[in-house]
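Asks: The primary structure of each chain is shown beneath.
Number of protein chains: 2
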Amino acid sequence: MYKLAIDAMSGDLGSEIVVKACLSFIQSHLDVELYVTGKKEELKSLENVNNIHIVDAQDIVGMNDGIMSVRRKKESSMVKAVIMANDGQVDGVVSCGSTGAFYTSAMLFLKRIEGVEKSCLMAVLPTYNNKGVCMLDVGANAENTAEQLNDFAIMGNIYAKNIRHVSKPKVALLNIGTEEKKGNEVHQHTYQLLSQNENIHFVGNIEGREILLGDVDVIVTDGFSGNIALKTCEGTASLVMKMIKESMLSSTRGKLGALLAKPSLYSLKDKFDYKSVGGALMMGFTKAVVKAHGASDEIAFENAMDLAYQMVKQDVVSQMKEGLEIK
Amino acid sequence: MYKLAIDAMSGDLGSEIVVKACLSFIQSHLDVELYVTGKKEELKSLENVNNIHIVDAQDIVGMNDGIMSVRRKKESSMVKAVIMANDGQVDGVVSCGSTGAFYTSAMLFLKRIEGVEKSCLMAVLPTYNNKGVCMLDVGANAENTAEQLNDFAIMGNIYAKNIRHVSKPKVALLNIGTEEKKGNEVHQHTYQLLSQNENIHFVGNIEGREILLGDVDVIVTDGFSGNIALKTCEGTASLVMKMIKESMLSSTRGKLGALLAKPSLYSLKDKFDYKSVGGALMMGFTKAVVKAHGASDEIAFENAMDLAYQMVKQDVVSQMKEGLEIK
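Note that the protein sequences, when read in sequence, are chains A and B.
Using the working numbering, read the first sequence as starting at 1 and increasing by one per residue.
Using the working numbering, read the second sequence as starting at 1 and increasing by one per residue.
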């Protein structure tokens, strides 16, 4: 049986959607045991359900708590779930709490894979060609060395292969030009390391304007640039959508057009709703760590649970260990 | 009389649009003399026009020439125009050649303002609130020190005041979070310098998702992050537009909607066409240096000329000298 710890309390919407997601998930995943952390009085409907265990945790890491609050919140549903993973009681953890707090919990209470100097955050972005692209690091680190970026490439590559089923993932380095000598010393050195890395298919540098095309499968970047790029994508996409809506609604003719085009526009809105992509994955830890989005509905949360399940079942962490050893 | 050197040859569309722009510009700007560099045989229609001087230059820096080609192309229209500025024959230069080559020409052949360690590229981006925002550096440097970022803030501030007529420009630092301690040492140190700089109105850090809102007037960033941010904005905006178009055209109902909404959508497309914004400005040099976009039409080129004229007339360079002295 695969074992997952599920933090039921830390999301914006409370425990109810997590409870529903767990009940639905367990029916379609007969090889999984869930350890649901949270206030036991809120988890009554999970009592006596096969393969679900309630782990009482009376404290909560709120969305507005500082990220370092996790240090003293060892009785919280979030930290308890992470510690269970570290103790080997479960193989993976899912939470829809604050990304910062959840990542910090993992940093503090969960071992990293040996040889990984820095863990990082990975986001999967929707792309024009619908393939999606993994980008890492998107903000765990304020700066990185070339060796760390090489580690990120290895982890992203294994993820793309095993979870996204890309047989030979194209790995690119986010940079300010396509030529080998672009960027500062770190980027130039990273370019060398990635070129020499026989375990990945490095296709060179990629610029900001190509991120969402989907021509590559994994984009490697330091946490600073990656965070700027991710948030700029999010901000620009949502602003352009908003402006299109407002622009159309500003004239009668436009309004009628908007009404007719509504189904087309909505389908696109969903595609570019970065929130629906499920938030960030925490890479480099000895267990699968998946962050469901804070405003997740039960379907999104169940998707996040399934992702953790896939990572555990495909044994992605062991493969990363191996990949990082032979680098 | 204000004097501008105009590179007539380096754009994608050849000398014709530049010639037209010069003829139109000179009629509405009676206090300007133009020195137009290029193949004299292509500039015949400028002969004997009041206040226009043809400067024969038989070589061309093509859009696909390497940026270092300018080193040996001293007889090109681009380099000749830049050298005229350095020699004091003109007060400003306008070119619609390759940004990289034009910037390199300025680096090689034009003096920097004393005390400016690094020159940089500034872009003016369209914003949601129509105010626009200046961002610098957008890619001249692969990394920058805090002192250099402080210089960029001073230059951006003076530009926003004098050319964009913002009485008290809000200056922000591009970072991965709003808190003072975000980012690496350079960003943290820059935050301190900007906070202590009494000649600017520093409003703190800004994240990638807020760039296009227009809540601030000047965004200061190192050239690496700035280039990633600019290109990610461009790429995302154009891709979302493209996807909306395709999504609407994929159904009959959507097609009808698109037809009706066309005027609204077109007005927005223009707004977000970064090319129409006129390309990048080169900051930190002793003369006004304006890059018109390579695919400029004559109106865009004339706008770029007017920008150089405004910079010269408002004596922006002198004010930058002063601002950088008292920093």
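Misleading hints may appear alongside valid ones.
Because identical chains cannot be distinguished in the list, a pair is counted as satisfied if it fits within a single copy or across any two copies.
Straight line, CA to CA, 25 Å or less: simulated DSS-like cross-link-like pairs of lysine-lysine [claimed, not checked]:
| hint | residue 1 | residue 2 |
| --- | --- | --- |
| 1 | Lys255 | Lys242 |
| 2 | Lys73 | Lys181 |
| 3 | Lys73 | Lys313 |
| 4 | Lys182 | Lys73 |
| 5 | Lys39 | Lys170 |
| 6 | Lys20 | Lys111 |
| 7 | Lys313 | Lys131 |
| 8 | Lys313 | Lys181 |
| 9 | Lys40 | Lys313 |
| 10 | Lys242 | Lys262 |
| 11 | Lys313 | Lys161 |
| 12 | Lys255 | Lys245 |
| 13 | Lys245 | Lys262 |
| 14 | Lys255 | Lys73 |
| 15 | Lys245 | Lys182 |
| 16 | Lys118 | Lys40 |
| 17 | Lys168 | Lys313 |
| 18 | Lys255 | Lys118 |
Hints were generated in silico from the structure; no laboratory data involved.
Asks: For every hint, state whether the structure bears it out.
Replies: Results for each hint:
no.: 1; hint: Lys255 with Lys242; result: both (14 Å within a copy, 20 Å between copies)
no.: 2; hint: Lys73 with Lys181; result: between (47 Å within a copy, 23 Å between copies)
no.: 3; hint: Lys73 with Lys313; result: neither (30 Å within a copy, 62 Å between copies)
no.: 4; hint: Lys182 with Lys73; result: between (45 Å within a copy, 23 Å between copies)
no.: 5; hint: Lys39 with Lys170; result: neither (44 Å within a copy, 46 Å between copies)
no.: 6; hint: Lys20 with Lys111; result: neither (30 Å within a copy, 68 Å between copies)
no.: 7; hint: Lys313 with Lys131; result: within (22 Å within a copy, 52 Å between copies)
no.: 8; hint: Lys313 with Lys181; result: neither (40 Å within a copy, 39 Å between copies)
no.: 9; hint: Lys40 with Lys313; result: neither (28 Å within a copy, 72 Å between copies)
no.: 10; hint: Lys242 with Lys262; result: both (13 Å within a copy, 16 Å between copies)
no.: 11; hint: Lys313 with Lys161; result: within (14 Å within a copy, 59 Å between copies)
no.: 12; hint: Lys255 with Lys245; result: both (9 Å within a copy, 16 Å between copies)
no.: 13; hint: Lys245 with Lys262; result: both (10 Å within a copy, 13 Å between copies)
no.: 14; hint: Lys255 with Lys73; result: neither (51 Å within a copy, 55 Å between copies)
no.: 15; hint: Lys245 with Lys182; result: neither (39 Å within a copy, 34 Å between copies)
no.: 16; hint: Lys118 with Lys40; result: neither (35 Å within a copy, 60 Å between copies)
no.: 17; hint: Lys168 with Lys313; result: within (20 Å within a copy, 58 Å between copies)
no.: 18; hint: Lys255 with Lys118; result: neither (51 Å within a copy, 50 Å between copies)
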